[in-house]
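K.L.:
Read off the chains here:
2 protein chains.
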Amino acid sequence: MAKKLESHQNKVFKRVKGFSQKKNRDKEGVFVAEGLRFVSEIPNNWEVELFVVSQDFAGENDLGQYEDRADTYLLTNELFSLLSDTENPQGILAVCKKQKECQEAIWKKDAPFLVLAEELNDPGNLGTVIRTADAAGADGIFLSKGSVDVYNPKVLRATMGSIFHIPVYQNISLEEIAWKMQENQISLYAAHLKGDCYPYELPLEKGCGFLIGNEARGLSDEAAELCNRWAKIPMPGKAESLNASIAAGVLMYEIVRQRLK
Amino acid sequence: MAKKLESHQNKVFKRVKGFSQKKNRDKEGVFVAEGLRFVSEIPNNWEVELFVVSQDFAGENDLGQYEDRADTYLLTNELFSLLSDTENPQGILAVCKKQKECQEAIWKKDAPFLVLAEELNDPGNLGTVIRTADAAGADGIFLSKGSVDVYNPKVLRATMGSIFHIPVYQNISLEEIAWKMQENQISLYAAHLKGDCYPYELPLEKGCGFLIGNEARGLSDEAAELCNRWAKIPMPGKAESLNASIAAGVLMYEIVRQRLK
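Sequences listed follow chains L and F, in order. With the first letter of the first sequence counted as 1, position 57 gets the number 56 in numbering that gives the first Met the number 0; the numbers rise by one all the way through. With the first letter of the second sequence counted as 1, position 105 gets the number 104 in numbering that gives the first Met the number 0; the numbers rise by one all the way through.
Hints in this document: simulated from the structure, not taken from any laboratory. What you are looking at is a predicted structure, and each value in this text was computed from that prediction instead of being measured. Incorrect hints may have been included.
Unchecked claim - Distance condition first, Cα-Cα at most 27 angstroms in a straight line; then the derived DSSO-like pairs of lysine-lysine: (1) F:Lys205 x L:Lys237; (2) L:Lys231 x F:Lys231; (3) L:Lys97 x F:Lys237; (4) F:Lys205 x L:Lys231; (5) F:Lys237 x L:Lys179; (6) L:Lys205 x F:Lys16; (7) F:Lys260 x L:Lys99; (8) L:Lys144 x L:Lys21; (9) L:Lys153 x F:Lys153; (10) F:Lys22 x L:Lys260; (11) L:Lys144 x L:Lys22; (12) L:Lys21 x L:Lys153; (13) F:Lys193 x L:Lys107; (14) L:Lys205 x F:Lys237; (15) L:Lys237 x F:Lys99; (16) F:Lys108 x F:Lys16; (17) F:Lys16 x L:Lys260; (18) F:Lys205 x F:Lys193; (19) L:Lys97 x F:Lys260; (20) L:Lys96 x L:Lys22; (21) F:Lys108 x L:Lys193; (22) F:Lys205 x L:Lys260; (23) L:Lys237 x F:Lys193; (24) F:Lys153 x L:Lys237; (25) F:Lys237 x L:Lys108; (26) L:Lys237 x F:Lys16; (27) F:Lys144 x F:Lys179; (28) L:Lys205 x F:Lys144; (29) F:Lys179 x L:Lys231; (30) L:Lys153 x F:Lys237; (31) L:Lys237 x F:Lys237; (32) F:Lys237 x L:Lys96; (33) F:Lys179 x L:Lys237; (34) L:Lys260 x F:Lys179; (35) F:Lys193 x L:Lys260; (36) F:Lys108 x L:Lys237.
What the hints assert, rightly or not - Distance windows between CB atoms, simulated: (37) L:Ser19 x F:Lys13: 35 to 41 angstroms; (38) F:Ala69 x L:Ser172: 46 to 52 angstroms; (39) F:Arg14 x L:Lys13: 33 to 39 angstroms; (40) F:Glu214 x L:Asp67: 31 to 37 angstroms.
Yeah, the Cβ is synthetic: ideal placement off N, Cα and C, and Gly gets one too.
One chain only, chain L, in its complex shape (with noise of 0.2 angstroms):
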């Protein structure tokens, strides 16, 4: 059954509020999926917390299976318009355990397709990034420090549920994750105004990954250096430069395209 609470002087209520701050995340190690359409993505191996469902949402659905997985917790109304992030609340959450962190697996797969970005700053950008990377089947994502938080409930939604599917690797040192690549015969590539040939030039059917830039003031002269080679997407049009996650798109896309073959 669930349990209601009725005062934002609860507890659980507090507490849950409290994950819209990082700190509060990162010491619990969780996140929260809010909306029914990314409650209905949690996989059913994804560890969840507890389940907070509005009043409206407990009249018009059953909530036998939320309850069966974890404690579910019934609010009025105005209490869960509390926690929400959304001006037009859905009526449901789930507090859900992070992904774990284990690189490992990664560079045992054959052929990897990685991601990495510097200091993506822009909530919808990088979730968009997470999301094409899930769609075009990348094994994992790597954000240098100085990235937007990837439980940050922005980022969340514009994953649109990705953050169940494909591993990201947050505060990393790209340094130390070129290096790894090196090590694991994976090469690092990037778009670049200076890029001596265009994307679909490389050969990207082999172990690889793309390094994006921040939006504002691209790839850093440091970061660049880590790359093996530099390709310029052509911009046949008068634009100077593309959005930071349609050019992570197209590099990702090349990526499908060669490996379609």
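Mind docking chain F on chain L? Use the hints.
P.N.:
Okay, now just chain F, sitting in the frame of chain L:
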């Protein structure tokens, strides 16, 4: 000399303030380009009605180039921030005439590259699609009724100035444009889950266009029926769909790739 405005009762202030609403922009056929980078993208032959700058901006920049071109108004920082659409205004905006809506040049092109969209609703997505189409060298963008206004400040910001480079036609009938394309031997394609080929197999060196669907609902059946062929964007990973602007970017860049040869 810049004219000083110090009251929010002033007519010019009130007029510019009004342009945050679509109906006022439409009535006068203008839009607001805000920020130094955006203003610096205005081509020399583009009609500018007036410039507005803040005290701080005037203190740090030579206003000559603006004053020579159009009436320039100097506002207190507080008044300027009331006109601004951003949290940290840079202190300059221009009221520009909208694009002229002449389609004729498009139909006279050899092998044009067009982008059509059905009810694209998210301002960031639409702006990004325009920026990508501009980078990819597309010849024009056609937006169906029910799309977000291209002169909405959030759309403009995401275009990064591409609104000055590529014609965008709004409130069009997809049926009429599809008919016009047919007449001119321009094929219309769409990404569709039921597609019978990958985009890589389409003959995109010929005149062609891609039709993009709404973010949440995808393409309507009526719109999908207007296409000559449906292509499937491969998704070897676990995500079931791509963000609309990413899908559009992947398709547009397949045109770029094929036309590079």
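K.L.:
When you check the alpha-carbon spacing of Lys97 (chain L) and Lys260 (chain F), does it fall within 27 angstroms?
P.N.:
Between Lys97 (chain L) and Lys260 (chain F) the Cα gap is close to 46 angstroms, so the pair fails against 27 angstroms, i.e. violated.
K.L.:
Is the hinted pair Lys21 (chain L) and Lys153 (chain L) satisfied, with a Cα-Cα distance of at most 27 angstroms?
P.N.:
Given pair Lys21 (chain L), Lys153 (chain L) holds - Cα atoms ~13 angstroms apart, limit 27 angstroms.
K.L.:
Does Lys237 (chain L) sit within 27 angstroms of Lys153 (chain F), going by the straight-line distance between their CA atoms?
P.N.:
Given pair Lys153 (chain F), Lys237 (chain L) holds - Cα atoms ~21 angstroms apart, limit 27 angstroms.
K.L.:
Lys260 (chain L) and Lys179 (chain F): Cα distance at most 27 angstroms?
P.N.:
violated, 36 angstroms
K.L.:
Please verify whether Lys205 (chain F) and Lys231 (chain L) have alpha carbons no more than 27 angstroms apart.
P.N.:
holds, 24 angstroms
K.L.:
Run the distance test for Lys205 (chain L) versus Lys144 (chain F): straight-line Cα separation, threshold 27 angstroms.
P.N.:
violated, 45 angstroms
K.L.:
Need the status of pair Lys237 (chain L), Lys193 (chain F): alpha-carbon distance at most 27 angstroms?
P.N.:
violated, 34 angstroms
K.L.:
With the threshold set at 27 angstroms, check whether the alpha-carbon distance from Lys97 (chain L) to Lys237 (chain F) stays at or below it.
P.N.:
holds, 19 angstroms
K.L.:
Does Lys193 (chain F) lie within 27 angstroms of Lys205 (chain F) when you go C-alpha to C-alpha?
P.N.:
The hint holds at about 23 angstroms.
K.L.:
Lys205 (chain F) and Lys260 (chain L): Cα distance at most 27 angstroms?
P.N.:
holds, 23 angstroms
K.L.:
Just tell me: holds or violated, for the beta carbon distance of Arg14 (chain F) and Lys13 (chain L) against 33 to 39 angstroms?
P.N.:
violated, 49 angstroms
K.L.:
Could you grab the alpha-carbon distance between Lys205 (chain L) and Lys237 (chain F) and see if it respects the 27 angstroms cut-off?
P.N.:
holds, 21 angstroms
Of the hints listed earlier, those the structure fails to meet are numbers 6, 7, 10, 13, 16, 17, 19, 21, 23, 26, 28, 29, 31, 34 and 39, in rising order.
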